[in-house]
Amino acid sequence: MEHTVRSVAEGKEVVLTGRLTFADHNGFRSIIAMFQEPGNKRFVLDLSGVEFIDSAALGMVLLARDTAISKGVSLILKGAKGQVKRIMEVAKFNKLFAMED
Amino acid sequence: MTAISAVSGKTDLKNTRVLIIDDQEPNRKLLAALVTSMGVGFIEHAKDGVEGLAKVESFKPDLILLDIMMPNMDGFEMCRLLRKNPEWRDLPVLVNTALSEPRERVECFEAGATDMVVKPINAPEVLARVRIHLENRLLVGTLRQYHERVAQELAMASQMQRSLLPDPAWLSTLPATVGLTIESRFETSSELGGDFWHLRKLEDDRLGLVLADFSGHGISAALNAFRLHTLFDQHPPGLDPAKWMAELNNALKPLLPVGQFATVLYAILDMKNNRIDYAAGGAPSPILMLPGQEPRLMDASGIFLGAMLDADYETLSIDFPQGAQILLYSDALTEDLDKDDLMLEESGLMELAKASQGEAKPLEHLMSRFESRFPPPWTDDLTAIWLRHSGL
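If you're matching them up, the sequences are chains A and B in order. Under our numbering, the first sequence has 49 at position 62, and the numbering climbs by one with no breaks. Under our numbering, the second sequence has 337 at position 321, and the numbering climbs by one with no breaks.
Calculated directly from the structure, the hints in this document are not laboratory data. Note that the structure is a prediction, hence the values are computed from the model and not measured. Quick reminder that beta carbons are idealized off the backbone N, C-alpha and C, glycines included. One should not assume that every hint holds.
Distance condition first, Cα-Cα at most 25 Å in a straight line; then the derived BS3-like pairs of lysine-lysine [as the list claims (entries may be wrong)]:
| # | chain 1 | residue 1 | chain 2 | residue 2 |
| --- | --- | --- | --- | --- |
| 1 | B | K63 | B | K76 |
| 2 | A | K79 | B | K259 |
| 3 | A | K58 | A | K68 |
| 4 | B | K269 | A | K82 |
| 5 | A | K79 | A | K58 |
| 6 | B | K269 | A | K58 |
| 7 | A | K(-1) | A | K82 |
| 8 | B | K259 | A | K82 |
| 9 | B | K45 | B | K63 |
| 10 | A | K79 | B | K269 |
| 11 | B | K71 | B | K100 |
| 12 | A | K(-1) | A | K65 |
| 13 | A | K58 | A | K28 |
Among the chain A residues that face chain B by a calculated CB cut under 8 Å, a handful are [unchecked claim]:
| # | residue |
| --- | --- |
| 14 | D41 |
| 15 | G46 |
| 16 | L49 |
| 17 | V77 |
| 18 | A78 |
| 19 | K79 |
| 20 | L83 |
Build the full structure now, drawing on both the sequences and the hints.
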């Protein structure tokens, strides 16, 4: 997984690319750590460049949700495609997250 | 502890054993005095290779100090014979020799020596080399013991995990008693895994089937699988799948660290009434094969168990007439990578299912085709269950 961060109004947009798997645990934790930075009220995870996500990485996304709720940050999942979109539909992530195309 | 003290150079050597093999008594005495001075607790002597080999067996040294030029059997020959026994393949052999030509040194290592010091004996050098090899020996021994213990414990735990699965003898009676034929496969990617499946009798010849896959694999996922099984005592899978899933979710959520979850499918198999009622939490979509129809994916969407409290689930129903078949599976089947880093995906698995559905043992057929493209060991736990309404 690669990720780039850019500032948007009231927060950050994180663009993720590649395969999102158990191996990306540390990278993902550093993203979640940004939720704690002052001034970040809104986080967008742009998944349009992610080809594949495994169950461990879905767990990290759930961890991000939990942290966002506890920090009062709104978390948006954007642009999931292919297998990522399919598994997020199967897991009914639309009931857990704000999702954007 | 040995590892830490070895690094600091203060390893206690009082339980180590050194065998000194030299035909010259003054040499043996000198080496014994040196080795004693560094705290080695057990020392034995031999005066040639023949006696040396016998002492290796009786004394079981941690290190041999070996002379080369000796009567009866020289150091080269003894070393070669020693290394033929697998038990002594890793035993450090420190050769001390007057031979100093490069060719002769090479011959020492070819014969199986671990290290060498050149005569005349330089005491600090001998002490330093003996210490290094004894410390390595202790370290390797500690690691080996640790490895053996963990391997034993994991083997036992793996047995325990398999004992959670339905009894094969019972499964083999189901075609005659309820008209359902079940073929299954359960493989963990390491000794333990996070997959789990369960089958129980319900009222009126109905059966309740649970298939769960915890996120991740290995020991932590297996502990979660055991947790789930334990919850069945308080929350037995009953006749209302959606209600049971919601109940199980609320019981499981507080037990799981955030970010860990399970995909679960619970199905009530009712052969008498040709139907299946089920509820699911984000499980891989089962493949339904109705007689005379193309295989299709069943909807197994739903919130993962453990993702949030008070999640709602839905019970769905399908017709399951005689001749109908279903393949249930964990995502290792669709997400494992072949040599070109490609996955089978749902579409590929549906093709394999279609090609296997007419076989006497369809799952065996499917798995052999699967394994030819995705050979084990797999990176994730794999469970596959093939159900066929075979009729009474």
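Status of the hints after comparison with the structure:
no.: 1; hint: B/K63 <-> B/K76; in the structure: holds, 17 Å
no.: 2; hint: A/K79 <-> B/K259; in the structure: holds, 18 Å
no.: 3; hint: A/K58 <-> A/K68; in the structure: violated, 28 Å
no.: 4; hint: B/K269 <-> A/K82; in the structure: holds, 17 Å
no.: 5; hint: A/K79 <-> A/K58; in the structure: holds, 23 Å
no.: 6; hint: B/K269 <-> A/K58; in the structure: holds, 20 Å
no.: 7; hint: A/K(-1) <-> A/K82; in the structure: holds, 23 Å
no.: 8; hint: B/K259 <-> A/K82; in the structure: holds, 18 Å
no.: 9; hint: B/K45 <-> B/K63; in the structure: holds, 12 Å
no.: 10; hint: A/K79 <-> B/K269; in the structure: holds, 17 Å
no.: 11; hint: B/K71 <-> B/K100; in the structure: holds, 16 Å
no.: 12; hint: A/K(-1) <-> A/K65; in the structure: holds, 13 Å
no.: 13; hint: A/K58 <-> A/K28; in the structure: holds, 9 Å
no.: 14; hint: D41; in the structure: holds, 7 Å
no.: 15; hint: G46; in the structure: holds, 4 Å
no.: 16; hint: L49; in the structure: holds, 5 Å
no.: 17; hint: V77; in the structure: holds, 5 Å
no.: 18; hint: A78; in the structure: holds, 4 Å
no.: 19; hint: K79; in the structure: holds, 5 Å
no.: 20; hint: L83; in the structure: holds, 6 Å
The structure fails hint 3 only (numbered hints given earlier).
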